[in-house]
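S.K.: Listed below, chain by chain, are the residues.
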Amino acid sequence: MEVTFKDVSLSYDGTREILHHLNFTIPEGTLVSILGPSGCGKSTTLMLISGLLAPTKGQIFFGDQDVTKQDALARKVGMVFQNYALYPHLTVLENIMFPLKMAKVKKEERREKALKLAKLVHVDDQLDKKPGALSGGQQQRVAIARALAKEPSLLLLDEPLSNLDARLRIEMRQEIRRIQQETGVTTIFVTHDQDEALHISDHIMVLNLGDIQQFSSAETLYDNPSNLFVAKFIGEPVINTLPITAFGHDLDGAVPAAILAKTQTVGIRPEALQDHPIDTGTLAQITTQVKAFEKYGREKNALVDYNGNELLSTEIQGRLENHQDLTLYLQKSGFYLFDEAGQRIFGGEQDVE
Amino acid sequence: MLNEKPTLKSTGKALLYLLPMLVITIIFNIYPILKSFIMSFYTKYDFFKDIVQQWGWSNFTYIFHDPDFLLAVKNTLIFVVGVVPLTVIISLVVALLLNKIKWLSGLFRTVYFLPFVTSTVAIAQVWHWIYNSDYGLLNYFLGLFGVSPIAWLESPKYAMLALIIMSIWKSLGFNIVLFLVGLNNINERYYQAAEIDGANAWHQFTNVTVPLLSPITFLVSVNGVIGSFKVFDQIFALFNGTPGPSKSALTIVYYLYQKFYTEWKYGIAAASGVVLFFMILLVTLIQMWYSKKHVHY
Ligand SMILES: Nc1ncnc2c1ncn2[C@@H]1O[C@H](COP(=O)(O)OP(=O)(O)OP(=O)(O)O)[C@@H](O)[C@H]1O
Ligand SMILES: [Mg+2]
Chain A
0 MEVTFKDVSL SYDGTREILH HLNFTIPEGT LVSILGPSGC GKSTTLMLIS
50 GLLAPTKGQI FFGDQDVTKQ DALARKVGMV FQNYALYPHL TVLENIMFPL
100 KMAKVKKEER REKALKLAKL VHVDDQLDKK PGALSGGQQQ RVAIARALAK
150 EPSLLLLDEP LSNLDARLRI EMRQEIRRIQ QETGVTTIFV THDQDEALHI
200 SDHIMVLNLG DIQQFSSAET LYDNPSNLFV AKFIGEPVIN TLPITAFGHD
250 LDGAVPAAIL AKTQTVGIRP EALQDHPIDT GTLAQITTQV KAFEKYGREK
300 NALVDYNGNE LLSTEIQGRL ENHQDLTLYL QKSGFYLFDE AGQRIFGGEQ
350 DVE
Chain B
0 MLNEKPTLKS TGKALLYLLP MLVITIIFNI YPILKSFIMS FYTKYDFFKD
50 IVQQWGWSNF TYIFHDPDFL LAVKNTLIFV VGVVPLTVII SLVVALLLNK
100 IKWLSGLFRT VYFLPFVTST VAIAQVWHWI YNSDYGLLNY FLGLFGVSPI
150 AWLESPKYAM LALIIMSIWK SLGFNIVLFL VGLNNINERY YQAAEIDGAN
200 AWHQFTNVTV PLLSPITFLV SVNGVIGSFK VFDQIFALFN GTPGPSKSAL
250 TIVYYLYQKF YTEWKYGIAA ASGVVLFFMI LLVTLIQMWY SKKHVHY
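Going down the list, the sequences are from chains A and B.
For the first sequence, numbering that gives the first Met the number 0 gives the first residue as 0, with consecutive numbering after it.
For the second sequence, numbering that gives the first Met the number 0 gives the first residue as 0, with consecutive numbering after it.
Only chain A is shown next, with the shape it has when bound in the complex (with noise of 0.2 Å):
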């Protein structure tokens, strides 16, 4: 189901508003991930959608009917809870069979498609405990394993892996998306673990402070950040950013003029400093002074002082000494410049004015 936001607006008290107009539009069938740091509204988003929580200003439709005035009984929305809200006089099984059980499925039916559910996501040796005895993980899959009991037409889940380990992670997030893929649900998937957004999403919603960042593919998030909260956010490791101050005259003839005086914040992705120059794609180079370099593996990577800002380079090819001069070749993929409020103005595919 298309689930639309039109100017959503949330307060829980009715003077410190958390989420501002979110307008957005999620296409059917499709995965989308909401991605964000902690309290920036993720929960409270899905909220929104579920129908636990009512907008305070603005309208939600699912496909074209408006559902703003539905609540979460009508709208029949599978979710799993951040904290995973399993039944705790219920066993395992009976957890799943609940929302089945709501619908009036025959009992037999009912145990039958549990079952199913729980060997899915690995809980089918636990059916006879309760929440209580699990651990953090078998609860978070036993959530799993309700929410989608129902079969319903919208998943929401909400960081729903974050208690795995690493592995298991891994196994139910590619389970999550053959089960997404298989039974076209649209899913929304809440998490503030920028791997998996990005290991398992169609679109990524980048939401911080109660507004959206940016909403748009895994590689255009990552190859054209809107804004440098996005551009920090996404990427690992880390981009590097520094104030345009540092340059001195270092840019001068690589960028227009007119977009260099509105520049406030450079931000170099580490794998566009190279100590070696590239013919085409090279935009200007810069002298540095190693400060430690280390050696992983084929991985080399440099930590250089440049004008007193400190930069990550993983591109080196040739052997360094510390306290050298090093010149590094600044690459134009991998380089934005961002104006006063942090936009973008320079760098990317389609530069923005």
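Derived from the structure by calculation, the hints contain no laboratory data.
One should not assume that every hint holds.
Here are the simulated EDC-like pairs of lysine to aspartate or glutamate, each with C-alpha atoms no more than 20 Å apart in a straight line [unchecked claim]:
hint	chain 1	residue 1	chain 2	residue 2
1	B	K292	A	E93
2	A	K129	A	E93
3	B	K291	A	D127
4	A	K56	A	D70
5	A	K261	A	D251
6	B	K99	A	D12
7	B	K34	B	D45
8	B	K264	B	D67
9	A	K149	A	E111
10	A	K75	B	E187
11	B	K291	A	E93
12	B	K292	A	D251
13	B	K101	A	D12
14	B	K99	A	D70
15	A	K299	A	E235
16	A	K5	A	E93
Simulated DEER-style distance windows between Cβ atoms [stated by the list, open to error]:
hint	chain 1	residue 1	chain 2	residue 2	range
17	B	V80	A	R166	53 to 61 Å
18	B	V80	A	L126	36 to 44 Å
19	B	T10	A	K105	47 to 55 Å
20	A	R166	B	I25	53 to 61 Å
21	A	Q64	B	E3	56 to 64 Å
To spell it out: a stretch of chain A is covered by chain B in this simulated footprint if at least three of its residues, at any positions, have a beta carbon under 8 Å from a beta carbon of chain B; those stretches are [said to hold, decoys possible]:
hint	region
22	66 to 79
23	96 to 105
By construction, the Cβ of each residue, glycine as well, lies at the ideal position given by its N, Cα and C atoms.
Add chain B with the ligands to chain A, keeping to what the hints say.
M.R.: Quick look at chain B with the ligands alone, frame taken from chain A:
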């Protein structure tokens, strides 16, 4: 440590902590219970010299052939059955309503708590007025619906009902407060999950509220059963020191009181106490057994 096994030393230490309380309990609870058990077998006894001349079962044979005692047992059972379920249901309903209107619940909590902290005698005095057949409040209201005046406290037919109504009212406050605490302790997220899972208000009540409240319900009903089996002061106060018109509100403890204080038949009084003890024990055990299956901690 959570999984520490008790050792001789740790048990001894715990006992030492408990000692002061233990001494008090033994003197004022355990000893009297044992003494009354023993006393129920005194068949000839000089109270003033504390000499037992004869032992036997005759106290028990006596009470089981005493129509008054059998009436007392019957009345007690009627009282328990009349008071406990209604108390549980009414206090749960009131607590649910109060829980919906948060700003009122503080005020009402105090209002409902008043009966609990007011003396039974004062309460009975008020109910005397309410039950008054000529100008009582209750008959006035019933009159509005065309019911002719009822002699609540004078008619053997209505005396037990009057007693039950007052007792329910008296115990509501405390139980409502208990239920309110219980309701407050149910995390909102279970209701959210249930709503997502398609449970309407009624299903949320039966599938979330009732099971998660069951420890409190259990506490309230066990407490209510025990308290109701021991009913005495309400009767004494409501019927001015009599067991109601033509013994219509004679209960086991009232019987015991009569035998002990007005007839000085200590053995018989003790025997009726022992019977009451086992009745309460039996019902409580049944409740415990039931709770194993239906109470979720
Ligand atoms: N019930 C509530 N009442 C008042 N404020 C709330 C409530 N729930 C959340 N908030 C506030 O709303 C903001 C967003 O909270 P939300 O739970 O949506 O964050 P989140 O992005 O899910 O964070 P996390 O990653 O830590 O789960 C926070 O500032 C939080 O304090
Ligand atoms: Mg959250």
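S.K.: Evaluate each hint against the coordinates.
M.R.: Here's how the hints hold up against the structure:
| no. | hint | result |
| --- | --- | --- |
| 1 | K292(B) to E93(A) | holds (16 Å) |
| 2 | K129(A) to E93(A) | holds (9 Å) |
| 3 | K291(B) to D127(A) | holds (17 Å) |
| 4 | K56(A) to D70(A) | holds (16 Å) |
| 5 | K261(A) to D251(A) | holds (14 Å) |
| 6 | K99(B) to D12(A) | holds (18 Å) |
| 7 | K34(B) to D45(B) | holds (15 Å) |
| 8 | K264(B) to D67(B) | holds (14 Å) |
| 9 | K149(A) to E111(A) | holds (13 Å) |
| 10 | K75(A) to E187(B) | holds (19 Å) |
| 11 | K291(B) to E93(A) | holds (19 Å) |
| 12 | K292(B) to D251(A) | violated (80 Å) |
| 13 | K101(B) to D12(A) | holds (16 Å) |
| 14 | K99(B) to D70(A) | holds (18 Å) |
| 15 | K299(A) to E235(A) | holds (15 Å) |
| 16 | K5(A) to E93(A) | violated (38 Å) |
| 17 | V80(B) to R166(A): 53 to 61 Å | holds (60 Å) |
| 18 | V80(B) to L126(A): 36 to 44 Å | holds (40 Å) |
| 19 | T10(B) to K105(A): 47 to 55 Å | holds (54 Å) |
| 20 | R166(A) to I25(B): 53 to 61 Å | holds (60 Å) |
| 21 | Q64(A) to E3(B): 56 to 64 Å | holds (59 Å) |
| 22 | 66 to 79 | holds (count 7) |
| 23 | 96 to 105 | holds (count 4) |
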